[in-house]
Each structure stands twice: as structure tokens, then as C-alpha cells.
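Trainee: Sequence:
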Amino acid sequence: MWGDFEPNELAASVDAQAASIESSFVYGVNFGLDVPVGERWAIGFGLRYVLAGAKVEDEGAPDIDVDPWIGTVGASYRF
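The numbering of the sequence shown is numbering that gives the first Met the number 0, which starts it at 0 and goes up by one.
Please note that a few of the clues may not be correct.
As the list claims (entries may be wrong) - Pairwise CB distance ranges (calculated):
id	residue 1	residue 2	range
1	Phe78	Phe24	32 to 38 Å
2	Trp68	Gly37	29 to 35 Å
3	Trp68	Pro35	21 to 27 Å
4	Ala74	Asn29	17 to 23 Å
5	Gly45	Val65	27 to 33 Å
What the hints contain is simulated information worked out from the structure, not anything from laboratory work. Ideal Cβ positions, reconstructed from N, Cα and C, are used throughout, including at glycine.
Let the hints inform the model, and build the full structure from the sequences given.
Mentor: So this is what it looks like as C-alpha cells:
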């Protein structure tokens, strides 16, 4: 879920204004792999693509598209 968008200092310095964002859901695709290392340990790898966009309520303001790729690496221990 989105909250209101506040521009950072760089955007504020070029006369950007805060945008009021409509609530919306974000969809994505997630792929992952766990590789066993020994009896109880595993190393996990993940890749996620998020299909996100935000409709701006202010008339005449452009919508905001955010479509990041997110990579993760982790370790797990099984009891």
C-alpha cells in the first residue's frame, strides 16, 4: 500500500511538489532457490520483480511508475 509521496531534497530543489497518492495494491513475481550446505544449513537466493505504479490524485500531475528488480541472498538453519 502506498502513502503520500514526499520528494527528496534533490527533487525539492527543482520545484517538485508532494504528491497525494491513491491507495493501490502492488503485484510481483518471485523466484527463489535454496541450496543445501551440509545437513542443517542452506543458502537461499531470490529474485523478485515488482509491478508497482501509483496514481496521483492531483490533476495534471504524472503518475509514478516504480518497477524494481530485487535480489536477495540468505542463509537458513533447520532445527
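Trainee: Please list, smallest to largest, the hint numbers that this structure does not respect.
Mentor: 5
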